[in-house]
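Q: If you want the building blocks of each chain, they are given just below.
4 protein chains.
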Amino acid sequence: MIPRYSRPEMVAVWSPETRFRIWFEIEAHAGDAMAELGVIPKENAAAVWKARDATFDVDRIAEIEAVTKHDVIAFLTHLGEIVGEDAARFVHQGMTSSDVLDTCLNVQLTRAADILIADMDALLAALKRRAFEHKETVRIGRSHGIHAEPTTMGLTFARFYAEMDRGRRRLVAAREEIATGAISGAVGTFANVDPRVEEHVCARMGLAPEPISTQVIPRDRHAAFFAALGVVASSVENLATEVRHMQRTEVLEGEEFFSAGQKGSSAMPHKRNPVLSENLTGLARLVRSAVIPAMENVALWHERDISHSSVERVTAPDATVTLDFALARLTQVVDKLVIYPERMQANMDRLGGLAMSQRVLLALTQAGVTRDAAYRMVQRNAMKVWEEGRDFQTELLADDDVVAALGKEAIAAQFDLGYHLKHVDTIFARVFGETGD
Amino acid sequence: MIPRYSRPEMVAVWSPETRFRIWFEIEAHAGDAMAELGVIPKENAAAVWKARDATFDVDRIAEIEAVTKHDVIAFLTHLGEIVGEDAARFVHQGMTSSDVLDTCLNVQLTRAADILIADMDALLAALKRRAFEHKETVRIGRSHGIHAEPTTMGLTFARFYAEMDRGRRRLVAAREEIATGAISGAVGTFANVDPRVEEHVCARMGLAPEPISTQVIPRDRHAAFFAALGVVASSVENLATEVRHMQRTEVLEGEEFFSAGQKGSSAMPHKRNPVLSENLTGLARLVRSAVIPAMENVALWHERDISHSSVERVTAPDATVTLDFALARLTQVVDKLVIYPERMQANMDRLGGLAMSQRVLLALTQAGVTRDAAYRMVQRNAMKVWEEGRDFQTELLADDDVVAALGKEAIAAQFDLGYHLKHVDTIFARVFGETGD
Amino acid sequence: MIPRYSRPEMVAVWSPETRFRIWFEIEAHAGDAMAELGVIPKENAAAVWKARDATFDVDRIAEIEAVTKHDVIAFLTHLGEIVGEDAARFVHQGMTSSDVLDTCLNVQLTRAADILIADMDALLAALKRRAFEHKETVRIGRSHGIHAEPTTMGLTFARFYAEMDRGRRRLVAAREEIATGAISGAVGTFANVDPRVEEHVCARMGLAPEPISTQVIPRDRHAAFFAALGVVASSVENLATEVRHMQRTEVLEGEEFFSAGQKGSSAMPHKRNPVLSENLTGLARLVRSAVIPAMENVALWHERDISHSSVERVTAPDATVTLDFALARLTQVVDKLVIYPERMQANMDRLGGLAMSQRVLLALTQAGVTRDAAYRMVQRNAMKVWEEGRDFQTELLADDDVVAALGKEAIAAQFDLGYHLKHVDTIFARVFGETGD
Amino acid sequence: MIPRYSRPEMVAVWSPETRFRIWFEIEAHAGDAMAELGVIPKENAAAVWKARDATFDVDRIAEIEAVTKHDVIAFLTHLGEIVGEDAARFVHQGMTSSDVLDTCLNVQLTRAADILIADMDALLAALKRRAFEHKETVRIGRSHGIHAEPTTMGLTFARFYAEMDRGRRRLVAAREEIATGAISGAVGTFANVDPRVEEHVCARMGLAPEPISTQVIPRDRHAAFFAALGVVASSVENLATEVRHMQRTEVLEGEEFFSAGQKGSSAMPHKRNPVLSENLTGLARLVRSAVIPAMENVALWHERDISHSSVERVTAPDATVTLDFALARLTQVVDKLVIYPERMQANMDRLGGLAMSQRVLLALTQAGVTRDAAYRMVQRNAMKVWEEGRDFQTELLADDDVVAALGKEAIAAQFDLGYHLKHVDTIFARVFGETGD
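Chains as they are written, first to last, in full-length UniProt numbering: chain A, 1 to 437; chain B, 1 to 437; chain C, 1 to 437; chain D, 1 to 437.
Next comes chain A alone, as it looks inside the complex (with noise of 0.2 Å):
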């Protein structure tokens, strides 16, 4: 997590503040469960509260951590400090630092992944938009970076939405993955807690209950999380992909936007370069690199041991903010891409019509010809425009083995574009449950 690659609003989440204020709250609220249940005076219960909207000194608690090499009980002691240390006295009490630590983690990771799905709902109202402003710019689609058959500017937009959709529905299943806390006390037996403490805690928090948990939360849940966000950094890199191959000059289909005191390169003024998507990619590596270690912290020795934490104090913050950022900044690139709908009509120009070399070979076999022969009669024709650069409509109409199959005018009909839009609203249709139409 670097300034440079990070928003205000997924950084606050991760802030020692906002770590405090619900390491506080915790223990408020698993105050008020205990006192419910008898375990502890009212009285000291509610004092706590005193401290509902005091700030937590950042440096005052590091300072006591210094000494006793444990963060909570450092912040424990300041918490004594604030409210009293008569009514700090039942603070903690049968709990262990992990039921606050991994609570509040839990609790940090859940408002990431609200970020992460508004984040996507931004991401998906782009490419909603510009999928219909788009629908029908025709568009040459490529398969092995080589010209295939017409698509358009909308499905290519389109196919991301999807993609993204279920990108949004794994930040969703994540969410629920690790949207649990567990107040089980030092090896997750309720020993010395109530499991009712548990359950109000949680309630108040906004998690369930951790079924059975042991000192800690088992990670497994948080491996399934980063691997979430690994698959959606993923698609962010799919998507940065696109973009960086419609930029290249020979190409030149769409650009991103680009501000008027931008320079794009300190040695050749003319340089448009697809910066932020190639930035995108590198996010992405980023994201994805969280995901094994998440993996090798699954495997927590009996009831825990911590090598999970020093992971997740690097990666938890870093690998949600990174992702924030990338999708904040590809909802940018998507609203403002500049698409150039010319420029998609002559380089699919440029092969001259070989495009529908497929359609014409089907043609050929629905026509009484063998697959075989077919086959050979296109290819003979295409190898022509392709190695000659001639037109493959003037070629075919000129082979007569062709033309005695179809007829000259069973040939020219092969070369209509509406051909290979017939389906498009079928698509858009079940992509965004409606054609725009």
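These aren't lab readings, by the way, just hints derived from the structure by calculation.
Think of the CB as a built atom: it goes at the ideal place given N, C-alpha and C, for glycine as much as any other residue.
There could be a bad hint or two in this list.
Stated by the list, open to error - Residues from chain D that face chain C, not an exhaustive set, calculated with beta carbons under 7 Å:
#: 1; residue: 4
#: 2; residue: 142
#: 3; residue: 145
#: 4; residue: 158
#: 5; residue: 159
#: 6; residue: 163
#: 7; residue: 190
#: 8; residue: 191
#: 9; residue: 211
#: 10; residue: 215
#: 11; residue: 223
#: 12; residue: 234
#: 13; residue: 288
#: 14; residue: 304
#: 15; residue: 433
#: 16; residue: 435
To be verified - The calculated DSS-like cross-link candidates involving lysine-lysine, where the alpha carbons are at most 30 Å apart (straight line), are:
#: 17; chain 1: C; residue 1: 42; chain 2: D; residue 2: 422
#: 18; chain 1: B; residue 1: 384; chain 2: A; residue 2: 69
#: 19; chain 1: C; residue 1: 422; chain 2: C; residue 2: 336
#: 20; chain 1: C; residue 1: 408; chain 2: D; residue 2: 42
#: 21; chain 1: D; residue 1: 422; chain 2: D; residue 2: 336
Knowing the structure of chain A, use the given hints to seat chains B, C and D on it.
A: Just chains B, C and D, lined up with the frame of chain A:
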């Protein structure tokens, strides 16, 4: 995928015979749909089903492919040899190779997922049985490898049950991710093939139609699939690691079943090594290694490039075969794991009652001692037990401050094991929906 | 490792026959050393060599292993069947299975490294040949996919030569990392086997004795080995990506060789796809996937656990076989790559001379214009070329400020291509130690 | 990189101040070389050095970058503010941003490598000291977590010394990989900048000129660099795992140093947890997570794309800062590790002499018993010891077959510990070049 770590049912999913069989079914069903739509003659579509019970000649297909360098064309040529060139004339009409390849891959992955889910059911059954069997078998809980407070072996099994149950849900979700097919032509526009063909084929093959595809089914689905496998594999490692710890000489609270003829070591005949669990640890690393390549496969160029193919040819069989083997092996380990309750008791006794320190701390606090003072009182006695091997209860009874605060009877009461087990039923009810009582 | 991506020589390194042959040699050489030291009778040591030309029966060994569940014991039993129980009596004396297994693995990895280094030599030769062939073939250099300044195809080949030459050095270093053997007994203390046995066996097998081993050779060596393979694979992807870009329809500056019988697509007969390079991109992902598991294998418990074994059984053959195949395929791609110099020129011309903008900028600065003013002068003309397809030189000649600063002649002089090629020889001399002139 | 896991010296390498300082030096040295070549006026080159002792204003540069969206241009503008626009006029002449950025990155990585190598030297010194201190401290060797044969704590330290010494060599090689600089212009052709400028700058900055670059220094170098860090991190995990095993309650052969004020747990005051070693395990995962992204960075498009940049902005500081912290922490752990020789003896005694079983097996074989018979004789006695807690030597002496084969005296002789230590000096001489005697 090597025979050593393979089971026949999963291997069969990935055999060339299975693949060609699925290809055939896709082509034949597609023919039916096209005939129904009047695109090809019904008699041709029907004639293709002559190959319904044929055996596709893997070697012959390989021979043809050596010339054409294209596997689907090689298969179609061979299919023509079986059903006759005339019958085969309309096979694959308007389709592209990927329509067949990608739909087939997802059929295979879906079948693989079904096997993995069944594997998981067997593992869950074993874990549940062992959990109830050892529900009250007391054992010291450990954090950081250090004795903490008592728990039970049943809770250990129960938490792995809960984790694997989450794994099962992830496998079900993963299955859903890849249970789609696509017959949408060269760039996904259905230019040469009607969307109803896709619908028919998918329905027959047990898949949903992919809402929007390019030449291929989008690879974010496969990334999510392999990520789920990676998470499950990490849970396998988690359980295996617990067994390895249990079996180490100094702990020996459990042991993998050791058959009569088995030799543990060529050099040390007394050795019984947790080799299955160690092997599972390695297998988990292998399954996880498929995750990142699957994510790298997402960003295919434009309407597809074929870089994903070589990756999937290897990882799709390897990851599913290995995880299938691992889950089956783990089930066997759990099922036959030899548990030593006396040793569990002996290990717990080794620390002279220190496991009760937290409880004593709480009792002191509740008796009115400040948290800090209570902490110091417990710590000074605990340190003597720890360093000089004394008995915690005895030391506490000899500590005037502690006796003054609690009284001798209350001190003794803190050493009752039942205190730690009182919520086992609550947890079992959460995990299994029943307590077994 | 699947046959599709395998070559026989490397596959043979990993065959059971090779493995048993190496095991035999290790045992027989160890016997010689022990006999020399007087530990076992010389006649027994000599008698074992009766199996020198024997064929070890893989099925028979598997049969025995099915009972003993231990591969080395199974092998030794079979060896006894060949040379007679009496002769075999002292075989493996004081040794532990890992002495044989680990030393054998490193012999295999060393042989694999030798093949990879030879592969690399072939690739380097091809790259060098093509570099000199196209040393002066001008081509536009691109950053961010956008035209920058001219370079040559020879420089492109030369930079991949330099990168692969570093890859070769990494392979040599990787070979050195794992070219050690260990015959040090159950925990590496040489309690039951003299260090001189290890020295003798290692010398005969072409290895150095591992200075200090446990039961196994330390796995940081193997991690370094696989990491080197991962870096080389990434360089393979780098070169493959360049080819894929060159071949895309709009660029078409180069093409993979396309044999006569080959069919590019079942649907689009005109297509020539860079499928080899795309395949190499996927293979690179596969080789890289062995890196993290190898690193996870380093932290074995105490004097060894066997978790690394299943990983290596799969990744050692897979990663080396795949990289061998990839290097050979890449050599073929480079060797036969069809280069289109006219197209390179045409692509470069497409931007109307904008590639010279940096040079004009410099000329203006040197003529006394401030950097900022020069930048604006270049940019305003460049933008017209970019947006309206005009010619850069023409625009500059019509810009009074530019003409005032430089004069018409000097403007024209900036468009000389030789300016960009003047240091090609310098670079070739740095890379190849020669300029070819 | 978070403060918790950072040390100031390494953090300083990555500060903006350091970066701008290095950028300045590169520009100023380049100016000198250009002036020497007559390309720019000597007085301008000299004037730039006015900023030699200047403090570059990080905030001011950020302010300018907010407008230009280009960091190098922002810096150059600020430099102009310091030395005067006239003096700055020829700065960066013919250079491209990457000339500065990439050369700077490699200066930083080189300095980082120097710190890591020094860290490693401190770790090696600590390991060596502890190895000689405990050269003869007997301890049971374990394979699979199960007691095997005796070894010494000194050998444990010695093997980690040897592993880290290899790590040091890998760091030195990694440093060499990235100790290159490039001042070669927009596409690496030196069109606008003389190669002698590159030579001069590299010499001054302690780098070698990159033999052939594009706009950037090739990223296979950086991939190799981060891979080396990943291997070293895995060795850190290896050592940390050993400590964690040693400290677990049932083993307790060693303990991390525990300072007086430190609290192990908020709930269990007796606990001393190996939290440093667990932390190191997590840090190792973090460092490793930089490896795959670095490899994914290798395949940049054509003469460069900028996808690597965001990755490196994060991982270059993060991986080096984290590994620096980890090595220093590990040195502290090793240096102060509390060793309990009595506990080592007690643990070994726990198995009643079974550690000698291999030796007895050998003695029987050498006394003429067949291997298979000897194996059975040892195994039947070993099983009684294992299962009933008897003493191995006693059992053997009561086994008529064993006594008949060996005689009572020879049986007793097999239980001499010196037998296992006889080659410790040999091994120490191999590892350290000295035995300490």
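Q: Decide, hint by hint, whether the structure agrees.
A: Hints versus structure:
no., hint, in the structure
1, 4, "violated (23 Å)"
2, 142, "holds (4 Å)"
3, 145, "holds (6 Å)"
4, 158, "holds (6 Å)"
5, 159, "holds (5 Å)"
6, 163, "holds (5 Å)"
7, 190, "holds (4 Å)"
8, 191, "holds (4 Å)"
9, 211, "holds (4 Å)"
10, 215, "holds (5 Å)"
11, 223, "holds (5 Å)"
12, 234, "holds (4 Å)"
13, 288, "holds (6 Å)"
14, 304, "holds (5 Å)"
15, 433, "violated (10 Å)"
16, 435, "violated (13 Å)"
17, C:42 / D:422, "holds (25 Å)"
18, B:384 / A:69, "holds (22 Å)"
19, C:422 / C:336, "holds (28 Å)"
20, C:408 / D:42, "holds (29 Å)"
21, D:422 / D:336, "holds (28 Å)"
Violated hints for the displayed structure, listed by number in ascending order: 1, 15 and 16.
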